[in-house]
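A.B. asks: Sequence:
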Amino acid sequence: MQIPASIDEVQEKLAGAGYVCGRALATVVFLSLRLGRPLFLEGEAGVGKTEIAKALALMLGRRLIRLQCYEGLDASSAVYEWNFPAQMIAIRTAEAQGGADRELLQQELFGPDFLVERPLLQAMRPDANGAPVLLIDELDRTDEPFEAFLLEALSDFQVTIPELGTITAPEPPIVILTSNRTREVHDALKRRCLYHWVDYPDFEREVEILHAREPGLAERLSHEIVAFVQGLRTEDIFKKPGVAETIDWAKCLLALDVVDLSPEVISDTLGAILKYQDDIAKIQGSEAARLLNEARSGLDRG
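In our numbering, the protein residues as written are 1 to 302.
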């Protein structure tokens, strides 16, 4: 599929791919596609940053390549590595046969047949469906040396393999970088990108997201779920639930055939929306009842 011609089309196509977003986010996605600039998304965990890349790949009919970042990630792990077990087998086979040309064997050992391509190199390869969507997820988990390498790779959209030379993307991939802001990402990398802070949605949009992801959910129950979760986010808890947790909780309630929230049901299913025992202990019982009453009062007033 071609790049959408307008912001409205981006918003419409993303919705068709199951991602409901506001105009500000649709605008920065449109500009990223139109200008060929990487898109850097920051926000709390679970607000839908990763899902944007998935929906974008689905919307455009492109391949999604994901580089999941972690502490200690280095360039070789992100770009390529050699298949050492296969190389050892090839060496032993050549020795057993005898008379192997050492120079020819070395060329074969460090050729394409023994190359294991990692996400960054995969994203540089030509694709019949068009440039892939490269998701560099949770960049804040890595360290500064990897950021510096990534800055260079995204500047020229090329990587160098000493044994093979420089590989340049025939068409730059569509790059989405995400961060949960556990640490600040260097300004030099941010300057290469368009930036957007992905915040928690307002009530109407979160209900719309829930309906898009779980169309079988009754309207009253979906409103109660969203109102309760949004009330929960105002509490003094260690980890506030994101939209992902709202959707997970709705799935759990559907699986239990729940038609109406109650303090007992909430206490039994808090593990779907809260991931720390201290938070669960704090909200169970009377606190759950209080938040539910406040959520229902807000809905009645609305």
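Just so you know, the hints here were simulated from the structure itself, not pulled from any lab data. Remember, it's a predicted structure, so these values are computed and weren't measured experimentally. Heads up, some of the hints might be wrong.
[Claimed, not checked] Here are the simulated BS3-like cross-link-like pairs (lysine-lysine), alpha carbons at most 30 Å apart as the crow flies: (1) Lys13 with Lys251; (2) Lys275 with Lys251; (3) Lys239 with Lys54; (4) Lys239 with Lys251; (5) Lys54 with Lys190; (6) Lys54 with Lys282; (7) Lys275 with Lys239; (8) Lys282 with Lys251; (9) Lys282 with Lys13; (10) Lys54 with Lys13; (11) Lys239 with Lys190; (12) Lys190 with Lys13; (13) Lys190 with Lys251.
A.B. asks: Taking only the CA atoms, is the gap from Lys239 to Lys54 under or equal to 30 Å?
C.D. replies: holds, 24 Å
A.B. asks: Does Lys13 sit within 30 Å of Lys190, going by the straight-line distance between their CA atoms?
C.D. replies: Answer holds: Lys190 to Lys13 is near 27 Å, not above 30 Å.
A.B. asks: If you draw a straight line from the CA of Lys239 to the CA of Lys251, is it 30 Å or shorter?
C.D. replies: holds, 20 Å
A.B. asks: Does Lys190 pair with Lys251 here, judged by a C-alpha cut-off of 30 Å?
C.D. replies: Judged against 30 Å, a Cα distance of about 36 Å means the pair is violated.
A.B. asks: Decide if the proposed pair is consistent with the structure: Lys54 and Lys13, CA atoms, cutoff 30 Å inclusive.
C.D. replies: This hinted pair holds, its Cα atoms lying about 13 Å apart.
A.B. asks: Run the distance test for Lys282 versus Lys13: straight-line Cα separation, threshold 30 Å.
C.D. replies: Outside the cut-off at roughly 41 Å; violated.
A.B. asks: Need the status of pair Lys54, Lys190: alpha-carbon distance at most 30 Å?
C.D. replies: Satisfied, since the Cα-Cα distance of roughly 22 Å is no more than 30 Å.
A.B. asks: Checking one constraint from the list: CA of Lys282 to CA of Lys251, max 30 Å. Satisfied?
C.D. replies: holds, 23 Å
A.B. asks: CA of Lys275 to CA of Lys251, is that 30 Å or under?
C.D. replies: holds, 16 Å
A.B. asks: Straight-line Cα separation of Lys13 and Lys251 no greater than 30 Å?
C.D. replies: holds, 25 Å
A.B. asks: CA of Lys275 to CA of Lys239, is that 30 Å or under?
C.D. replies: holds, 7 Å
A.B. asks: Given the hint that Lys54 pairs with Lys282, test it: the Cα-Cα distance must not exceed 30 Å.
C.D. replies: violated, 35 Å
Hints 6, 9, 13, counting from the list given before, are not met by this structure.
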